[in-house]
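Enquirer: Working from the sequences, and respecting the hints, build out all of it.
Note that the working numbering numbers the sequence shown so that position 238 is 238, with each residue one more than the last.
Treat the hints with caution; some may be incorrect.
With beta-carbon atoms standing in for the labels, derived distance ranges [what the hints assert, rightly or not]:
no.: 1; residue 1: Leu-37; residue 2: Leu-236; range: 26 to 36 Å
no.: 2; residue 1: Leu-253; residue 2: Gly-105; range: 38 to 48 Å
no.: 3; residue 1: Phe-25; residue 2: Arg-95; range: 20 to 30 Å
no.: 4; residue 1: Gly-19; residue 2: Ser-252; range: 18 to 28 Å
no.: 5; residue 1: Trp-104; residue 2: Trp-76; range: 17 to 27 Å
no.: 6; residue 1: Val-225; residue 2: Leu-196; range: 18 to 28 Å
Pairs of lysine-lysine, DSS-like flavour, derived with a Cα cap of 27 Å [to be verified]:
no.: 7; residue 1: Lys-180; residue 2: Lys-147
no.: 8; residue 1: Lys-180; residue 2: Lys-141
no.: 9; residue 1: Lys-141; residue 2: Lys-77
Just so you know, the hints here were simulated from the structure itself, not pulled from any lab data. Don't be surprised by glycine CBs; every beta carbon is placed ideally from N, CA and C.
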Amino acid sequence: MTPPSLPPRRFGRRSMLFGFLALLFVPIAAKAALFSLEERPRNFREASWASTGSLPDARAHPDARILVMSGRTGGWKGVLAVHSWIVFKRENADRWTRYDVVGWGRPLRQNGWAPDARWYGTAPTVVADLSGAQARALIPKVEAAVKDYRYAEFGDYRLWPGPNSNSFVAAVLRAVPEMKAVLPPNAIGRDFRPDLHVGWTDSGTGVEVNLWGFFGARFGWIEGVEINVLGLVVGLDLRNPALKLPAFGLLSLDLWPQQAGADTPRT
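Expert: Okay, here's the thing in structure tokens:
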């Protein structure tokens, strides 16, 4: 006599849920473990805020240029997030201009630090770099977006879900889509919006649903594929193949890197 067959076990939805939760929280646990082993300043007074010398003297670089930069935040926030800022110089200008938003005093700061300064001791990463005629044309738009930023007064800053430093830079990039730049997934606060948004992505190359920065999803050529849960982002970078993971940011999937000296801009 043949024993009755058991109904197939349903792993589909449950496995997908567990897999997604693992993508959210395993990277955070791994990054926290690595972070605990690193030597880092105990407070902001011990941290270096000095220039790294990665940008040339403005007087020796006549072309217009715009950069978006980011650096790991201090304390245990550094497990999860980076701080981002905008730097530019007009053609033939004798100095760089830097804009940040911070969580103390008046949020919006101009030239509070050197343009390429360390942030809590961490050397900055270049997120986007534009120069020449393109930068010259876009600098006035960047300045207008900075001037129009609506959360620049005392009491406007909010660490999570925003508006914070990354919300500010994201707002500028949103106002200047020609830059074709997107902040890294661990720039927590970049997805903050004051209203529900259903429509085009910031770059206009895809579609997005965003619930005030708490939850959202977007698909676009510039933004890639992203799912946002409480500010934690999982996804794929399509232009420069990479995984987008909480805490780690971007993990490259480029299995055939170009030869040394090849032009591999990220804009």
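Enquirer: Compare the structure with each hint and give your call.
Expert: Against the structure, the hints come out as follows:
1. Leu-37 to Leu-236: 26 to 36 Å: 29 Å, holds
2. Leu-253 to Gly-105: 38 to 48 Å: 41 Å, holds
3. Phe-25 to Arg-95: 20 to 30 Å: Since Phe-25 and Arg-95 have Cβ atoms about 44 Å apart, the given range 20 to 30 Å is violated.
4. Gly-19 to Ser-252: 18 to 28 Å: 22 Å, holds
5. Trp-104 to Trp-76: 17 to 27 Å: 18 Å, holds
6. Val-225 to Leu-196: 18 to 28 Å: 21 Å, holds
7. Lys-180 to Lys-147: Measuring from Cα to Cα gives roughly 20 Å; hence the hint holds.
8. Lys-180 to Lys-141: 14 Å, holds
9. Lys-141 to Lys-77: 32 Å, violated
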